[in-house]
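Position chains F, P and D against the provided structure of chain H, taking the given hints into account.
If you want the building blocks of each chain, they are given just below.
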Amino acid sequence: MRISKGALLVVIAFTAPLIVELRTVLAWVNVELTVLESAVLGIGLIGVLLVWALWPQSQNNATESAETE
Amino acid sequence: MSQTADEKARSETPEHDREIGHDEFDPIGTLTLIGIYFLILVFLWFFMYFVEFLGNDPTVVGGTLVFAATGERLR
Amino acid sequence: MNIHTYEKLWLVAAMVLIVGFIATITYGSVALGITMVGDQQETVEPTELNDERFSDPRVAQVGENEYEAYVTAQMFSFQPDPIEVPEDSEVTFYVTSRDVIHSFSLVGTNVNTMVIPGEVAEMTVEFDEPEEYGVVCNEYCGPNHHNMEGMVHVVPEEEFDLTELDAEAPDEVETGDDIDVTATVENRLLDPLETTVALEIGNETFSEDVTIDGGETYETTFAIDSTQLGEGDHDWAVTVGDHTDSSTVTVVDELEDDADGETNENTDEDADGDENGTEDETGTDATENDASGGDDE
Amino acid sequence: MTNTYIESFPAEAKVVRAAFYSSFLALAIGGLFGIVQTLHRTGYYRFMDSADYYTVLTAHGVLLAITFTIFFLVGVFTWAVTTSLDRPVEDIRFTWVWYGLMVVGTVLTAIPIFAGFTDSEMSASVLFTFYAPLQGHPLFYFGLVLFVVGTWLAGADWFRSWWAWKQEHPDERIPLPTFMVLTTTLMWYIATLGVAAAILLFLLPWSLGLVESVNPLLTRTLFWFFGHPVVYFWLMPAYMMWYIMLPKISGGKLFSDPLARVVFVLFLILSVPTGIHHQYLDPGIAEGFKFIAMTNTMFLLLPSLLTAFTVVASMEHGARQRGGTGYLGWLKALPWRDPVFAGMALAGLMFAAAGFSGMINAGMNINYLVHNTFWVVGHFHLTVGTAVALTFMAVTYWFLPQVTGKELWSRSVALGQVVLWFVGMTFMSNAMHRGGLLGIPRRTAEPQYEGFEFEAAVGSVGELDAQIALGGALLTLSLVLFFANVIGTALNSRSDDLPANEYADTLSGPSDAPLVLDNLKLWTAIAIVLVIFAYSFPLLSIIERGGLFGPELTELPVSIGPGLEYLSTTTVSTVTTAGETAIAIIAGVGS
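Protein chains in written order, with the UniProt record's numbering: chain H, 1 to 69; chain F, 1 to 75; chain P, 1 to 297; chain D, 1 to 591.
Pulled out of the complex, with its shape left as it was, chain H reads as follows:
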């Protein structure tokens, strides 16, 4: 776990407005997404977040961060 469960939940919640409005922003650059596509995109994004959060940190990285502390 890179972040606490609570923080993860909140981060996932933060993606909601991004996903909702991403479609509008993309429409300005003429990328039209359907509802389904943006939903899939959203689920994908959340999946990436979960993987990022749950992936065990490499030993190297952990020591590095320990040093900077």
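Incorrect hints may have been included.
Here are the simulated DSSO-like cross-link-like pairs (lysine-lysine), alpha carbons at most 27 angstroms apart as the crow flies [claimed, not checked]:
#1 D/248 x D/14
#2 H/5 x D/248
#3 D/406 x H/5
#4 D/14 x D/406
#5 D/406 x D/248
#6 D/166 x D/521
#7 D/166 x D/14
#8 P/8 x D/248
Derived by calculation from the structure, the hints in this document are not laboratory data.
Just chains F, P and D now, with coordinates in the frame of chain H:
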């Protein structure tokens, strides 16, 4: 979310790592965050006024303020 | 009182933001001429809107490409509906309410005002292209609020006129008498109107070419021999440009001596939507008055 | 040995608890009506007549915007005054009197509103704004008056505590929470003069048939004299929580006590002379007056923007004390698992977004774009519906143990609840804002028209409806979880292991604040002068134009039923049957 060295894994943060007094506390993080907010506000304001609002023609025109400023009704 | 440098910085930024907002709005008002609905208009009596503007809500021409639209809002409709104006015109709306607070809002535009009984909202608007705008009431005004809607039609120059047509004829005539069909044509434009007044009755058509000056009313009567039509019901229609007024006349052998005020009028279905609203209002009033008068006698 | 509020102030804890429960009851009914409206408006499920929608809407508005918020507020303020002055109220009987008055006022107001669902001749489907000539039953106005009088007495109670405290501590600075309570109360006193005048001088006599008519623009202006500051009345307890609870829960201290005082003083002097910005599109008010109202409103952004900095800096202080580092990395060190923190932080974030849509609303001519559209509904569901409501729900998780002495039923459910509210509101209010830009009106049962359609640039109106319905469903689920937690906690047994009743320390304390900040008389005087500047000329002009009692009008009680026939004053029998319902409700609240 960027991967910087000081972003470290902490599933459980201890209540108090240290005591930070008034003089040693520089809220640089707050400044960063609120600076971003400021930029968003400025961008959105211009977007709302000049794109959404003025692009939403027709608009009510030809009024007293203009009359006072220019002496004639704008056409 | 010590304030952190960063917070001072933010204080300055916040002030810049606020002043910037006010400056933008002022720019819109002064440079772009965007005007707020204000207090330019005198107050009116909402329950008796009988001044020349609101007794007959309509569009009037006041100058070249300049029009005024007198609009009333009441539960749960707007008058006139639709409001028809030409393209490339400057239209000043005068909107008031007969009962509660409404709004008059052109969907998809910045034309939007509250409509408050006793007050007249004045808004000057420039219309370019022909377009149809929906009008909503966006202030809650009663249980049917959601059904209150209207239209503003911005029509091509050549399709636009401000002709008012009213044709009248008796309901019944006796064989042998003339049927007098009287057509009243009002040209509410400033320019003269060249047109043809045509009456169609039975299989026959009578017509007259006329030129009506701006703001003038022209009245003409067609006298038709009822014998030629024969006994029975005959539909008639008077046409001027796109406007039609029609009804039915019955030719009878002998006229019964009974003037029934109520059946006399309003059998005509108005084909012209433009007139529908105003006609209805005044028409019903008139019949009600007639009816009550008859009761008294 | 814990040191909870209920142990320190057992009698006060009872009142605070009663106020909270009353507030939650209003939240439950109002929330239920919320989902009913959502489904009706979006067309997903319509089980009632569209005319009844407006009765539902009236109840939703009054119960949530007035009852829920203000009952919670009086609870929090009573807690704040007693805790920060460390003294009980002067006379607990008086405290119960104002609480009782507020309950009776609410019930009397609710009776005619709910009668709108029945065949009774009584009704008050006039919405939260009760614009004349729509006319509610006299009981509706009378109840509102009683409710407001109850809040006035509550204010007197807090002032009384402060005066008594001052006798014993003549040279001390007013503790920050009490300072916040007092400035907010003063603002409320000034603001409610408008609605009191509107109701007592015009609407109530008119609904009783004592005067012939009213001036609709005048009563409307008086309503907004009150209607804008009431927004700050809801918001101030939330601000208080952000200032005095959030830093502590973040593990830090309040960044600046003096600036917090400045903020509350600014709210006291600037909240009231801004109401005309709700009337930018009203005929009968000169453009100049509207411009003045706009300038005041824009400067009212200042205290909110200052709050944003101070509150975030206090959170950052906490995060850094907990080991957070970096420009933004410190955000990870915040206690996101704590529902009290997460709820308030998310509420604050939503308020930042609401701030933006509020800036648009405050702009004078840009108001043509959004006035009375769905945008406005989106805006206040972010402010009162999230910044305030979510903060209240989050601090409830801290307050409930304090006033009941019982441990919170479930912290995980609580965390899920606040996050769910955030997500639900994101969907709902986002779609509302966008719908508003398409011109979709607010306050309508069926935003579908025969002659035209709303055109969306991206997506479609149907998708917006779907977002709103989804958001509404999530919000309802969130409410269910909230009530489960409240009830679960109430059923818990007493616990000895609860946090003490404390609020945040300050980094820069009250001694840094200039003494003049505590001069309440001065600020009140300035506030009154500003109100006179902003309002006397518009009011005089309105009266001069339309007369004090306005033109001849047809009263229009909005009877919800087949017709719109004029229904005059109601019979005694309906009052008594409704009265029985009222007693049942009071009994329910009191228990």
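Would you check the hint for residue 248 of chain D and residue 14 of chain D, treating anything up to 27 angstroms between C-alpha atoms as holding? holds, 25 angstroms
Residue 8 of chain P paired with residue 248 of chain D [C-alpha distance capped at 27 angstroms]: holds, 24 angstroms
Please verify whether residue 166 of chain D and residue 14 of chain D have alpha carbons no more than 27 angstroms apart. holds, 25 angstroms
Is the straight-line distance between the alpha-carbon of residue 406 of chain D and that of residue 5 of chain H 27 angstroms or less? This hinted pair holds, its Cα atoms lying about 26 angstroms apart.
So if I understand the rule, the pair passes when the alpha-carbon distance is 27 angstroms or less; does residue 14 of chain D with residue 406 of chain D pass? With a Cα-Cα distance of about 14 angstroms, the restraint between residue 14 of chain D and residue 406 of chain D holds, given a limit of 27 angstroms.
For the pair supplied as a hint, residue 166 of chain D and residue 521 of chain D, is the alpha-carbon distance within the 27 angstroms limit? holds, 15 angstroms
With a cut-off of 27 angstroms on the C-alpha distance, tell me whether residue 5 of chain H and residue 248 of chain D pass. Given pair residue 5 of chain H, residue 248 of chain D holds - Cα atoms ~21 angstroms apart, limit 27 angstroms.
Under the criterion that the straight-line Cα-Cα distance not exceed 27 angstroms, is the pair residue 406 of chain D, residue 248 of chain D satisfied? holds, 21 angstroms
Checked against the numbered hints given earlier, the structure satisfies every one of them.
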